[in-house]
Amino acid sequence: MKRVGVLALQGDVAEHAGALARCGVAAVRVRRPADLAGLDALVLPGGESTTIGQLAVDYGLVQPLRDFVASGKPVWGTCAGLILLARDAGHAQPLVGGLDVRVDRNAFGRQVASFETDLDVAGLAGGPFRAVFIRAPAVVEAGPGVDVLARLDDGPIVAVRQGAILGTAFHAELGDDLRVHRLFLGMGEPNVDAP
Amino acid sequence: MDMTHDGPHDGGTAAVNGAGEHAGRETGTFRVKAGMAAMLKGGVIMDVTTAEQAKIAEDAGAVAVMALERVPADIRAQGGVARMADPDKVLEIMAAVTIPVMAKARIGHFVEAQVLQALGVDYIDESEVLTPADEAHHIDKTAFTVPFVCGCRDLGEALRRIGEGAAMIRTKGEAGTGDIVEAVRHARAVLGDIRRLASLRPDELPAAAKALGAPLALVHDVAATGRLPVVNFAAGGVATPADAALMMQLGVDGVFVGSGIFKSSDPARLAHAVVRAVTHFDDPAVLADVSRGLGEAMRGRAAAAIPAPERLAERGW
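So the protein sequences, as listed, match chains A and B.
Going left to right, the first sequence walks through residues 0 to 194 as numbering that gives the first Met the number 0 numbers them.
Going left to right, the second sequence walks through residues 0 to 316 as numbering that gives the first Met the number 0 numbers them.
Any given hint could turn out to be false.
What the hints assert, rightly or not - A few chain B residues that face chain A, going by a derived Cβ cut-off under 8 Å, partial list only:
hint	residue
1	Gly-34
2	Met-38
3	Lys-40
4	Thr-97
5	Gln-116
6	Arg-275
Treat the hints as calculated values from the structure; they're not laboratory data.
Don't be surprised by glycine CBs; every beta carbon is placed ideally from N, CA and C.
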């Protein structure tokens, strides 16, 4: 069975671990560099990106996370995780990087503006995905190697893929629909790998 | 759409944007409210009374701050009626940090809550730390787009608040004491009752719901899942990294620290230490490391020595 890590410094780790378990995959909580050993893929969950970034610095995880991203194994960041994977978050805070995007943190405003909506995601069969956006970021600039998988109707980019790196501004882990988790797990399989 | 939790009731904030540039975006749903709390899990929420304190909290790694005019220890010492903070104070703190900002409304004071929602706070704490505005009724939290957290002493109280629309629960503890004993009592009561419910036969749940004074549907839900349907934090008396880790090991999802941080001799260092203690709550080597050299913790007051009329946890039902 595949071993998929979930960065467990802070945030909705249990929601991702639960969704992975429902996909038949054992989730490994990652709090220390040694926890990354032997993982086939890694999820950076939602949470507070400033908190997660600081804790990653304090416990020596930033370089090991960069090495993991560079190894080409699948990595998926949701919301705060997307911010951490960005090249630029428009704010002085520790980042892992790897994804050639600039994000706008809290692009949609404060919590009263948080929302859910039906979203068409490229590569996801079976109709729109019910996507939950919580004080969510948006991608405001994507490099040439970045595929845009989803935009909101009025334009903002909210899902991207660059090689084995997936980034979503929304929380696929907050519902029962496992299609984005399955898409991510499929990214590790040679027959359905990057175009 | 789950109409038990959602919907435009407050006249000002439509739940669904039906047309225009934000067509189809549904705000204020239970999933959006409870999901916000899920993003705070494994984190520390700190009481702050100035923009400067809010920056210290953010720089230490707090996941959110609670904007207040007085911390509970000062409310306790100074007496008088404790109300919602001055809007200028709340806005000053919102402008100082990028992390979420919470603020407290009095129990039952739905107009204070309307004001806080209009200011744009990210979460409202309907709190026993402030002087209650209503002795019988809590705020109808389903009528708001902004989510609410509420205190509890046991599972029945937690489920009554969730039934009213609370999207996050915390123990009451005994705020402003620096004494962890009441938070431990409340966390053990909630988590112990959940374990007991999960062991019951379905035909025993109605009687359990009656005994708890809790909505039957929520009792069924807890019995089936073995957990609350919302995030559950500890609050009320957390003063040290070890206190915070104790609550985490008992099974809560995160920790509020009220007076403990800014009533200590070195707030920045203590704030930093409590955040690390919550992340590594089950690693005694980390806990030992972060517990060193913190200076003096808040002096505190034994909760048991507080006369009944002054106990904040008794407020609300």
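>> For a quick check of understanding: which of the numbered hints are violated here, in increasing order?
In response: none
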